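S.K.: Got chain A sorted already, so can you dock chain B onto it with the hints?
Here the protein sequences line up with chains A and B, keeping their order.
Numbering-wise (the working numbering), the first sequence opens with residue 1 and increments by one.
Numbering-wise (the working numbering), the second sequence opens with residue 109 and increments by one.
Please keep in mind that the hints were generated in silico from the structure rather than gathered at the bench.
Being a predicted model, the structure only gives us computed values, none of them experimental.
A few of these clues could be false.
[To be verified] The following label-pair restraints were derived from C-beta to C-beta distances:
(1) 185(B) <-> 23(A): 48 to 54 Å
(2) 65(A) <-> 347(B): 44 to 50 Å
(3) 20(A) <-> 371(B): 20 to 26 Å
(4) 192(B) <-> 55(A): 54 to 60 Å
(5) 371(B) <-> 7(A): 31 to 37 Å
(6) 62(A) <-> 392(B): 33 to 39 Å
(7) 191(B) <-> 32(A): 30 to 36 Å
(8) 41(A) <-> 403(B): 26 to 32 Å
(9) 413(B) <-> 62(A): 45 to 51 Å
(10) 220(B) <-> 62(A): 33 to 39 Å
(11) 392(B) <-> 32(A): 56 to 62 Å
(12) 387(B) <-> 15(A): 22 to 28 Å
(13) 94(A) <-> 371(B): 23 to 29 Å
(14) 20(A) <-> 328(B): 42 to 48 Å
The beta-carbon is built from N, C-alpha and C at its ideal position, and this holds for glycine as well.
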Amino acid sequence: MFDGSRPWRVSAGQSLRRREWDGEAVLFNDLSGATHLLSPVALWLLERLAAAPDDIPGLASALDAELAAEARDDGVDGADAAADAALDREQLADLLADLHALDLIEPC
Amino acid sequence: MLTVSSLAPAQLRARLSGPGLDVQTGPFANRIHSNIPHLAAGLAVLYADYPLNEAGGFADFHLDLGQPGGIRRWWRPQVRFEQDGKFPFKPLPVAQAQPFCEWMMNWCVSNRAHGYLIVHAAVVEKHGRGIILPAPPGSGKSTLCAALVCRGWRLLSDELALVRHADGLLVPVPRPVSLKNRSIEVIRAFAPEAVFGSVVHGTMKGTVGLMRAPGDSIRRAGEAVVPHAIVFPQWEDGAPAELEPVTRARLFMRVADNAFNYTLLGARGFDTLAGLAQRSAGYTFRYSKLDEAMAVFDALAGEAP
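This is chain A alone, in the form it adopts within the complex (with noise of 0.2 Å):
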């Protein structure tokens, strides 16, 4: 089971070199040398975590909060959306469990 107390931060040595075209990335991994298609909630992790080191209940609440306000800016009700939208703390913690398993991050 993944730890969702501990933060995560991007791994040393990333430096998200990356491109987005239309709600997809690809982005370079430094580390292993492959190349990733992200989605567009991976890439707001990553980029989450590049600002700084954070865990689970600190990012689903970012996230949350980001699906609000992006829910509000397209005039839907913020409160619906962010309850229809949001992802579970289970599901993030899947996705931070892939990013780690590709070298993107890493325990702080």
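M.R.: Frame of chain A, contents of chain B only:
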């Protein structure tokens, strides 16, 4: 500028068995040595229009395709490829010398020319717009490429898309188009004027027929091209000609999968490929009839500027 056609058959054989035949293909200077008479005859047909470089000058690639001596030469004649004193590949039956030479020329480029992102793809151009056709064997890439160049498109390559790191342009390396099996007859029926070398049976790719590159494409090999579209072709029996868009991020990943040296190039390859994906529209393309495919590609090239 002298071309290979300026050599009489005996002179060409003497070059091949002596100092080497120095022939320019796109940005690459090749020096070919061989003691195989039918390879000399094949090169005379397929490489007639190529620039002949000064004997003994600089060569990017040295290719030696010879027959081993001893009784094997008579009992089981073979051709082997030597480079820098090494034999990186198993010998093949000598009848396959011509396609072997082509494969070795491709091998030299894909293993050495890292000043380019090299994609396993055909590249054609019309109205200054380059179209890249990456695809695995059996997808109909070479057939489509041959048909297009027989209908006025410029051939940049049948096998190797060279994307220059410095400016992202497509650099031509036009060479004969390698057609396999049924495609040979398909193109002969589609373009009876196309010139072929000898058809070789029983290779690891089946029957291979090399179609001579158009003279105009060879003369314009110094003109790099702006990428316009990347099309993944798939021949499918009975399918109407149809383009389906591919998003740019997925286009990037699919081209990377078809690139020979993407991993080797690291971040530089990423940047070059990102630039290519940014400039190019991406499509998958199903087709069954060449005439329908020609219409779709002409529409893709648009009007002359």
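S.K.: Decide, hint by hint, whether the structure agrees.
M.R.: Taking the hints in turn, this is what the structure says about them:
1. Checked against the given bound of 48 to 54 Å, the beta carbons of residue 185(B) and residue 23(A), roughly 59 Å apart, lie outside it.
2. Evaluation of the 44 to 50 Å hint for residue 65(A) and residue 347(B) yields a pass: the beta carbon distance comes to about 49 Å.
3. Checking the proposed 20 to 26 Å range against residue 20(A) and residue 371(B) shows it holds: the Cβ atoms sit about 22 Å from each other.
4. Checked against the given bound of 54 to 60 Å, the beta carbons of residue 192(B) and residue 55(A), roughly 56 Å apart, stay inside it.
5. Between residue 371(B) and residue 7(A) the beta carbon distance is about 32 Å. The supplied range of 31 to 37 Å therefore holds.
6. Hint check: residue 62(A) to residue 392(B), Cβ distance near 38 Å, so the stated range 33 to 39 Å holds.
7. Separation of residue 191(B) from residue 32(A) is about 32 Å and conforms to the stated range, judged on CB atoms against 30 to 36 Å.
8. For the hinted restraint 26 to 32 Å between residue 41(A) and residue 403(B), the CB-CB distance of approximately 42 Å leaves it violated.
9. Separation of residue 413(B) from residue 62(A) is about 49 Å and conforms to the stated range, judged on CB atoms against 45 to 51 Å.
10. Taken as a hint, the range 33 to 39 Å is violated for the pair residue 220(B) and residue 62(A), whose Cβ atoms sit roughly 49 Å apart.
11. Hint check: residue 392(B) to residue 32(A), Cβ distance near 28 Å, so the stated range 56 to 62 Å is violated.
12. One distance hint, 22 to 28 Å for the beta-carbon pair residue 387(B) and residue 15(A), holds here, with the actual separation near 23 Å.
13. For residue 94(A) and residue 371(B), the hinted distance range of 23 to 29 Å is satisfied, since their beta carbons lie about 27 Å from each other.
14. Evaluation of the 42 to 48 Å hint for residue 20(A) and residue 328(B) yields a failure: the beta carbon distance comes to about 36 Å.
Going down the numbered hints, you'll see the structure goes against 1, 8, 10, 11, 14, while the others check out.
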